[in-house]
Amino acid sequence: KNEVEQSPQNLTAQEGEFITINCSYSVGISALHWLQQHPGGGIVSLFMLSSGKKKHGRLIATINIQEKHSSLHITASHPRDSAVYICAGSNTGNQFYFGTGTSLTVIP
Amino acid sequence: KAGVTQTPRYLIKTRGQQVTLSCSPISGHRSVSWYQQTPGQGLQFLFEYFSETQRNKGNFPGRFSGRQFSNSRSEMNVSTLELGDSALYLCASSINRGTNEKLFFGSGTQLSVL
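Read top to bottom, the protein sequences are chains A and B.
Residues 1 to 108 in this note's numbering are what the first sequence lists, from first letter to last.
Residues 1 to 114 in this note's numbering are what the second sequence lists, from first letter to last.
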């Protein structure tokens, strides 16, 4: 069992839909990261959070420390949001634990 | 400000050879970490360097090694290459890394071992 589990593995949505990607972790972490990877490999760090909620444009990330669960929400999805979204936990020992990623396709 | 630069972008090697990959962090960033990404295993943490010292290491064999120079540039070396080492190798930099800072990733080096 992976230390970080993501769901769903694959997601197809119509443009404009509200999207949620879930991440659960079983290890102790001090921060949870949401990463976006487009075809071609480049990774962009979207959020890093250790509590509560963060918002950037149409993206919202939340974390519940007690439940060891985080969600990434995309409002008014757009085809350019199509990418792989990866959650990762990091601890104070600078270890990183990655989820297997959620492949999102937004259809026009 | 220039981003994280990885060279080369693509590399083809044969089994048994060794390879060195390079990563130049964002100016002012002192921490560089390395990751391996494969279709089967996903992203995995290799190691992290800060001020020329390896601070942490993932679960990889000793064939994987790295170093960091005084200007924060980092190199990663893989000796005695195996077919399973074929992967995208990514590096990321951050200012200090000790406080769970946001990471900035390079575009990666795609290594193919034949």
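Keep in mind that the hints were calculated from the coordinates and are not lab data.
A few of these clues could be false.
Stated by the list, open to error - Label pairs and their computed distance ranges (CB to CB):
1) A:Ile-60 <-> B:Glu-82: 27 to 33 Å
2) B:Glu-82 <-> A:Gly-28: 28 to 34 Å
3) B:Asn-59 <-> A:Ile-60: 29 to 35 Å
4) B:Ser-86 <-> A:Pro-108: 33 to 39 Å
5) B:Pro-39 <-> A:Lys-55: 45 to 51 Å
6) B:Gln-41 <-> A:His-38: 16 to 22 Å
7) B:Thr-20 <-> A:Ile-60: 38 to 44 Å
8) A:Glu-17 <-> B:Arg-15: 44 to 50 Å
9) A:Pro-39 <-> B:Asn-77: 27 to 33 Å
10) A:Glu-3 <-> B:Arg-15: 28 to 34 Å
11) B:Ser-22 <-> A:Ile-60: 44 to 50 Å
12) A:Ile-107 <-> B:Ala-2: 46 to 52 Å
As the list claims (entries may be wrong) - Result set (EDC-like, lysine to aspartate or glutamate): computed pairs, CA atoms no more than 20 Å apart in a straight line:
13) A:Lys-53 <-> B:Glu-101
14) A:Lys-55 <-> B:Glu-75
15) A:Lys-53 <-> A:Glu-67
16) A:Lys-55 <-> A:Glu-3
17) B:Lys-57 <-> A:Glu-3
C-beta atoms are modelled at their ideal positions from N, C-alpha and C, and glycine is treated no differently.
Status of each hint after checking the structure:
1. A:Ile-60 <-> B:Glu-82: 27 to 33 Å: violated (42 Å)
2. B:Glu-82 <-> A:Gly-28: 28 to 34 Å: holds (33 Å)
3. B:Asn-59 <-> A:Ile-60: 29 to 35 Å: holds (33 Å)
4. B:Ser-86 <-> A:Pro-108: 33 to 39 Å: holds (35 Å)
5. B:Pro-39 <-> A:Lys-55: 45 to 51 Å: violated (32 Å)
6. B:Gln-41 <-> A:His-38: 16 to 22 Å: holds (20 Å)
7. B:Thr-20 <-> A:Ile-60: 38 to 44 Å: Taking Cβ atoms as reference, Thr-20 (chain B) and Ile-60 (chain A) lie about 41 Å apart, which means the hint holds.
8. A:Glu-17 <-> B:Arg-15: 44 to 50 Å: holds (47 Å)
9. A:Pro-39 <-> B:Asn-77: 27 to 33 Å: holds (28 Å)
10. A:Glu-3 <-> B:Arg-15: 28 to 34 Å: Since the Cβ atoms of Glu-3 (chain A) and Arg-15 (chain B) sit about 31 Å apart, the hinted range of 28 to 34 Å holds.
11. B:Ser-22 <-> A:Ile-60: 44 to 50 Å: violated (37 Å)
12. A:Ile-107 <-> B:Ala-2: 46 to 52 Å: violated (36 Å)
13. A:Lys-53 <-> B:Glu-101: holds (17 Å)
14. A:Lys-55 <-> B:Glu-75: violated (35 Å)
15. A:Lys-53 <-> A:Glu-67: At roughly 15 Å apart (the allowed maximum being 20 Å), Glu-67 (chain A) and Lys-53 (chain A) satisfy the hint.
16. A:Lys-55 <-> A:Glu-3: Not satisfied, since the Cα-Cα distance of roughly 26 Å exceeds 20 Å.
17. B:Lys-57 <-> A:Glu-3: holds (17 Å)
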